[in-house]
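Sequences are here, hints too, so could you generate the full structure?
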Amino acid sequence: MAETGLTNPGQSPAQLDGWRGIATDWASDQRAFKNVSWGKAMMWIFLLSDTFIFSCFLLSYMTARMSTTVPWPNPSEVFALNIAGNHIPLILIAIMTFVLISSSGTMAMAVNFGYRRDRFRTAALMLVTAAFGATFVGMQAFEWTKLIMEGVRPWGNPWGAPQFGASFFMITGFHGTHVTIGVIFLIAIARKVLRGDFDVERRGFFTSRKGYYEIVEITGLYWHFVDLVWVFIFAFFYLW
Amino acid sequence: MTNAAVHMEGQLHAPVHGAVATAAVHTKGQQHPIKLYLVVWGWLFVLSTCSYLVDYFGLHGYLRWSLILLFMILKAGLIVAVFMHMAWERLALAYAILLPPIAVLVFVSIMVLESEYTHFLRVLFFASPS
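From first to last, the protein sequence lines stand for chains A and B.
With this note's numbering, the residue at position 160 of the first sequence is 160, and numbering never jumps.
So the number in this note's numbering is just where the residue sits in the second sequence, counting from 1, plus 240.
It is worth saying that the hints were derived from the structure and are not from the lab.
Take the hints with a grain of salt, since some may be wrong.
To be verified - Coverage of chain B stretches by chain A, computed from C-beta distances (three or more under 8 Å per stretch; other residues unrestricted): (1) 275 to 281; (2) 306 to 315; (3) 323 to 333; (4) 336 to 350.
As the structure is a computational prediction, the values presented were derived from the model and not from experiment.
Glycine included, each C-beta is placed from N, C-alpha and C at the ideal position.
Listed below in structure tokens is the structure:
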């Protein structure tokens, strides 16, 4: 009974579109998000709050970089690697970007197979996504090690404005933490998918609620968000 | 009542019938052809390569910044619209999630003014300009 109002995608026979739809949805004295479950709506709202957190990081980085009178280190050079004798600018970051985008692609397909109730493909694609995520975190650990060995600290670095280190560790550190949490989240849900929890509607360990394949999409929302944040970090921190 | 709840949940997976079907197309879950995801995936690769090439060829100035922003916005748009299915959600959700970040742009403009002022003071009193 209690679950009825909360988890079903409630639908009134007539749902309007456009501006009238927004007005009636929000003014209905009921749930505003008509065909979105509470789990998905809450994930979206969490992601919105996370957007503000990362926005604040990028904003403080922008403020530090714009207001300093010392030249900012050139990220193109800082993140260059020597591969087989060739000096390639920013190559590590480019590979990390492609790894993360690939993981988004496999995640999108996992959601698709989840709704088709193909649990082996869903779980396999989620585990591939997690593997890409772990690869990303591994490359980030390599990048951090390299920079720390070269003398980058939150309070200074050999190449220019001291705020570079603080911005770098704060922004990429927070993003890396998000990726790590996402990998754990993915593995946990993939295990449930593989076990068939969502086919038999087995009740969850913590919540005692039945699980549905929609959780794959909710996990996917989080994962795509992590990729989305990287798009902005890549543009503003590494390329600018 | 409990049966009704089970029935409604079933619509997440089972085809919907009757009057409800026309009103709520996506209650059976976000179901789109795999090809769409592959195409978007391909575009994300192309756009990422483009933004990397901006750095590789060492473009600078307004051309560099506008290209970076262009590729960034296109990538973000593709991810949110297709991978996160925002294109198929009702506008009530889309606007609730997509409009608030505009406040960040106001914050950006405030901090641009603030940091230019700080930079001006630093040049005036402390250091040689960069």
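Status of each hint after checking the structure:
1. Residue count for the segment 275 to 281 of chain B with a Cβ under 8 Å from a Cβ of chain A: 4. That meets the three needed, and the coverage hint holds.
2. A count of 5 residues in the segment 306 to 315 of chain B with a Cβ less than 8 Å from any Cβ of chain A is obtained; the coverage claim is therefore met, three being the minimum.
3. Note: the segment 323 to 333 of chain B has 8 residues with beta-carbon separation from chain A under 8 Å; the three-residue rule is met and the coverage holds.
4. Given as covered by chain A, the segment 336 to 350 of chain B passes the check, having 7 residues with a CB less than 8 Å from a CB of that chain where 3 are the minimum.
The structure meets every hint from the earlier list without exception.
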